[in-house]
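Asker: The lines below spell out each chain.
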Amino acid sequence: MSRGRAALGAFAPSWAGGWTPARWLFAAAQAIEGTRQVRQIADSFRHPELNFGSGILHLSDRVLLPPALAWLLGGAVFVGLAGLGWGGRAARPGLLLWMLAELGLFAGLGWELNAPERIAGWCAVGLLLGPIGERDLTARRRSPVGRWFFLLWMSAMYGMTGWLKVSREPGWLDGSILAQALLDPYLGGTDLGARIAAVPALTTALSLATITFELSFPLLVGFAATNPAIVAAGLCFHVGVSSVLNLGTLGITVLSAYPVILHPDAAERLWRAWRR
Amino acid sequence: MAALPAPGRRNPPGWAQGAAVAFLAATALYLLGGYRMSLAELGYAPAPAVGAVQPWFWAAQFHMFNEPRPTVAKVGAEMEAGGRSAPVDLEAFYPTLREEGPGYARRRFTSDPQRVARLAADLCRHGGGESVHLWVDRVPKLAGAPPVREELGRFACAADPS
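Heads up: the protein sequence lines correspond to chains A and B, in order.
Note that the working numbering gives residue 216 to position 216 of the first sequence, counting from 1, and the numbers run on in steps of one.
Going from the second sequence to the working numbering is simple: count from 1 and add 1000.
Treat the hints as calculated values from the structure; they're not laboratory data.
None of these values were measured; they are calculated from a predicted model.
All residues carry an ideal CB built from backbone N, CA and C; glycine is no exception.
Check each hint, because a few of them may be wrong.
[As the list claims (entries may be wrong)] Taking beta-carbon pairs under 8 Å as the criterion, some of the chain A residues facing chain B (in silico):
hint : residue
1    : Phe11
2    : Gln40
3    : His47
4    : Gly121
5    : Asp136
6    : Leu152
7    : Met157
8    : Thr161
9    : Arg168
10   : Gly171
11   : Asp174
12   : Ser176
13   : Ala179
14   : Gln180
15   : Ala181
16   : Gly248
Put together the whole structure using the sequences plus the hints.
Answerer: And the structure:
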């Protein structure tokens, strides 16, 4: 086989039906996040000299936006998400509008940029690379490049945090860090979390399961044979974490990528089985 | 042998395939840089020689729940006037909470004297007392040990916090 034909094979279009639920889930997650942000706009102007964040490049030192512009950007967040959710020609401009409005709010009001925002940013770039502006994607095949982008950054995300846990932090091997998170009054504090934290063997087992999943993801997600299993494990992982830890929209934002990272052949089989 | 795409299906042209590979390679390098910066931030590696580059890798730093956090920080405040003091409900005063709690309770806030002074000045401006007393109690999450109190300071309301 010539190199040219091999390259064409690698770039062969694949089933694109996963992009539509990904777009919907992402828009829903960010709309939930947007309702929280609306309250935060008012708080920012009550104490404009005082920001609690410490984001990138000292952007969070001061409130820079005038109130009218801040509320306009807050509205633009929802207009953008409506376009993204509606789809078609409105999807891509809607996503870009959402990105610009969020950048303006975070930089201009000194808001803290944390894991949920950075993961939403990676998801948004991935969606921009996909065929989100098209309809009837369950009947279409499209370039795999957008999916590759998701596989790359998600492998880095899981692999990096898993490797740092197993190689540098003994508290992840004996379960104590997980117990601390479950008992945190803000992050955790659920009845179920407190019960789990009270059983050291269980926190150790769940910690080891977390590390195993995070380290396995980059190794298994790229192969058609192992992809569905690791995607299913990730689904269970995020649903489980979201049920015992208060991570805001982090879980649903990450899960919005899952219809895309599921291997297109498996996703198409799933779609056809569901339609039958 | 990999099948060629069927006619009429969209597939990136040659130049776009090269651009896509270059973009993905650049993304991979950026993510590797993020890992290096995470090691530095967690204290496992020396800071990069050019310290100014570190913030630019913020988006690629994925260390979530990696550090032990055995205590929860509870910031306390009292407004003092006429020899009397009254507690201030900080969570009512600053209602925005992130997933990990109020922003003013984070170590990077409480360890920054300028930010603490700004918090005191803001409380003075809205509370109308003569001075404000701030502290942080570090309460162990696991039962047993008593909380440890750290004084953040007593700030005269007339003083310019800057």
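Asker: Determine which of the earlier numbered hints do not hold for this structure and return their numbers in increasing order.
Answerer: When the structure is compared with the hints, numbers 5 and 11 turn out to be violated.
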